[in-house]
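As you go down the protein sequences, you meet chains A and B in turn.
Going by our numbering, the first residue of the first sequence is number 1, and it counts up by one from there.
Going by our numbering, the first residue of the second sequence is number 1, and it counts up by one from there.
Don't take each hint at face value.
Here are some chain B residues pointing at chain A (derived, C-beta under 10 Å) [claimed, not checked]:
(1) C21
(2) I199
(3) A251
Between beta-carbon pairs, the in silico distance windows are [stated by the list, open to error]:
(4) A:G207 to B:A145: 45 to 55 Å
(5) B:P49 to A:S270: 31 to 41 Å
(6) B:L30 to A:D421: 45 to 55 Å
What the hints contain is simulated information worked out from the structure, not anything from laboratory work.
Don't be surprised by glycine CBs; every beta carbon is placed ideally from N, CA and C.
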Amino acid sequence: MYNRIRMLFMLATSMVMAAAWPALAQDKPRPGGELVFAVPSEPPSYDGHQEETFGLIHPVAPHYNTLLRVDPSDKTGTKPVGDLAESWTVSSDQKTYTFRLRRGVKFHDGADMSSRDVKASYDKILNPPAGVKSLRKAAYQAVEAIETPDAHTIVFRLKWPESSFLLNLSSPWNFIYKADTLAKDPRWYEKNINGTGPFTFVEHVKGSHWVGKKNASYWDKGKPYLDGYRAVFITSSSAQVAAVRGERAHIQFRGFTPADRDSLVKALDSKIAVQESPWDCVLMVAMHHEKKPFNDKRFRRALTLALDRYTASKNLSRIAIVRDVAGIQVPGTPWATPPEDLEKLAGYGKDIKAARAEARQLLKEAGVPEGYAFTFKNRGIPQPYEPLGIWLIDQWKQIGLNVKQEIVEASAYHPMLKRGDFEAAMDFQCGFIVEPDLDIARFLTNSDANYGKHQDKVIDELYVKQARATSPDERRKVLREFEKRLLDEEVHVLYTLQWHRIIPHSAKVKGWTITPSHYLNNQLDTVWLAQ
Amino acid sequence: MSELVASLDVPSRSSRWIGACRDFIGRRPLGAIGAGVIVLMFVAALAAPLIAPYDPVAVDFAAMLAPPSAEHWLGTDAFGRDVLSRLIYGSQTALVVGFGASLLGATIGALIGVASAYFGGRIDLFLQRIMDVLLSFPLIILALALVAILGNSIPNLIIAIMVPMIPRCALVIRSSALSIREMPYVDAARAAGFGHSRIILRHMLPNVMASYLVMLTAFLGQAILLEASLSFLGLGVQEPLPAWGLMLRGAAVEFAETAPWMAIFPGVAISLAVFAFNLFGDSLRDALDPRLRTQ
């Protein structure tokens with residue numbers, strides 16, 4: 001009897017194993033193949049330290065390593081892990097970070113990588129030589145000194161503790177370059193590639209494609225899985241969709257619209273997989289604080305109270321790349337606003353009738369007459385600017401405002417914002433890592449991106465306080481105060497809806513995880529192609 | 001004598017018009033169909049607030065992308081806005097921009113053409129070279145450049161569409177006016193000591209009116225098409241204002257497979273309007289041209 005039960009159990013186990021085998025086999029990385037992906041724009045130069053477009057990151061990042069990186073399997077994109085750093089320690093006063101570097105790492109030209117190269121790369125970022133641009137220099141103001149006690153150790157000494165420091169070192173832009181090359185010509189990397197990354201450079205044909213080949217002597221043994229990759233530059237979104245639909249491209253890493261996703265799923269069925277995530281991008285309304293009636297916070301508060309964000313979230317997400325109702329951080333990430341706190345902010349409550357009644361009352365108190373007209377300037381880009389512009393105008397109409405939309409052509413849009421040539425205008429924020437220091441610095445009084453020209457010392461102080469907070473709870477508390485001040489008490493800006501990233505890709509693509517940033521997870525070392 | 005005059009059957013002004021219309025319908029039925037569509041457009045534009053079933057700019061998420069039904073005869077767009085209502089209000093935009101641009105373009109072109117023909121010599125040479133420069137740009141390119149410089153409001157849109165029409169009209173009118181300039185009655189007017197403006201306005205312009213009307217109707221269709229093209233490219237009328245070209249862009253393209261009504265009905269409206277103006281213009285030309293009248 002016992003033997004029969006045992007035999008039945010073994011039979012059942014083997015049947016389950018047999019059934020699961022194809023799936024298990026699928027989950028084991030398969031070496032080989034060329035990943036083809038569409039890139040909607042091209043790199044202006046090859047130097048990550050001075051560029052800010054995903055058009056550089058997508059084709060160029062696979063050639064490089066950074067000191068730290070964001071965990072490629074973490075969906076929130078907020079967990080730093082070592083890339084060239086094997087391990088690190090932080091001093092008790094949180095002002096000294098010591099990193100142990102990996103051994104046996106070589107540049108593509110065969111030279112050994114050492115702490116000298118890491119220091120030279122960070123010196124270029126922090127203190128670029130004359131004539132060399134460094135876009136993220138301001139993010140490292142806390143750094144007092146960088147030291148290299150030995151060839152495999154690098155130490156960062158800070159002037160003050162900084163909560164975001166590890167994530168700042170995980171920046172996907174901070175490629176580690178070769179010190180000797182930088183010493184000879186600090187601009188060499190603008191036109192050339194020589195990294196330690198999983199893929200070596202083959203060719204870049206402008207307007208056409210970029211090709212990378214597997215780095216056979218990559219330090220992470222067994223990786224990369226792919227033989228190579230080909231980035232195809234396709235600017236038209238319909239052509240990108242057609243490339244994925246026609247299986248001429250496996251993926252496009254920036255994102256597609258809900259309509260594109262639906263049409264691809266309909267056409268390719270099981271051949272397509274879809275990954276979605278809240279996106280670290282948001283459209284805001286900048287209101288010019290020096291122009292009437294936008295200088296009156298009652299008027300600004302009325303504008304945010306008019307918005308029915310929850311209904312919009314449900315419906316606009318069907319037609320535009322937006323979805324979640326959020327505060328100053330991406331939902332689902334460590335510093336995001338809990339829903340119960342969010343609902344307490346002006347314009348985030350669930351009772352829209354009461355909110356609009358309050359908005360009308362505030363307009364009355366501010367002396368703004370029924371039918372008051374103003375012009376809202378929007379950017380001449382379809383997604384998601386156009387649908388959100390139409391929605392905003394409709395919402396403001398419902399509190400008796402008559403808003404005219406003026407579309408500003410993309411190239412004239414930023415100069416318009418910088419000149420302050422607007423009453424209310426669409427503004428945007430797109431981060432490369434979800435981190436408050438990076439996402440909310442734009443609201444500081446002296447920030448170049450403070451287009452509404454608000455002056456608020458409290459905001460400035462709260463920013464510094466959260467950045468230097470040494471415990472997560474303390475930081476969280478200050479961030480909520482900052483948010484309340486920004487969006488509720490003063491209503492310096494008006495948040496619309498969080499963008500929503502949708503990546504429909506060939507079901508063959510494995511080992512790639514979506515994050516809230518389209519600048520992350522493009523090293524491709526973990527990516528492989530199923531048969 | 002006075003009895004004789006009284007007994008003559010002189011048709012009244014209105015009955016002459018009715019007769020002319022009957023004659024036009026009988027002889028040129030296609031032109032009459034075009035005229036009928038144009039009249040319908042006018043009625044829709046003027047009576048839009050009375051006949052449109054919904055507010056054309058009101059967002060209604062509950063009715064997003066709804067197919068044609070008893071509630072929404074032509075369906076709704078991506079924001080739940082009624083397509084029929086937007087088409088009806090869109091005819092206002094089409095006619096305001098179309099008429100504004102073609103009337104101004106044809107009139108300025110006619111004045112330049114007649115002045116150029118009448119004065120001749122250096123003035124003619126100068127004006128014609130300017131016209132040549134303007135003509136060297138394709139119509140849409142010139143309109144695009146102007147709207148990019150001026151910005152995209154409705155008055156600027158009218159100017160941008162009007163400017164490329166001026167040289168086209170000026171050339172045609174000039175050729176008609178050149179033959180009129182040689183007529184004895186123009187010489188007689190000069191001999192009688194009339195001023196240039198009187199000769200141009202009283203003796204020459206009325207005689208190029210047939211060409212002018214034909215150009216005007218031809219331009220109307222073109223202007224409507226150009227307005228739709230510019231709006232489609234995002235350089236014309238701006239959301240949420242209803243305009244036919246605007247209704248074709250954005251979500252209409254993205255949802256072309258799942259909600260084709262969003263693109264089909266505005267497309268049909270544009271084609272129908274342009275076709276109607278072209279039919280009417282052709283028939284008007286045939287009716288007014290003495291060489292074609294006997295055919």
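Quick rundown of the hints versus the structure:
{"no.": "1", "hint": "C21", "result": "violated (41 Å)"}
{"no.": "2", "hint": "I199", "result": "violated (46 Å)"}
{"no.": "3", "hint": "A251", "result": "holds (6 Å)"}
{"no.": "4", "hint": "A:G207 to B:A145: 45 to 55 Å", "result": "violated (25 Å)"}
{"no.": "5", "hint": "B:P49 to A:S270: 31 to 41 Å", "result": "violated (52 Å)"}
{"no.": "6", "hint": "B:L30 to A:D421: 45 to 55 Å", "result": "holds (51 Å)"}
Checked against the numbered hints above, the structure violates hints 1, 2, 4, 5; every other hint is satisfied.
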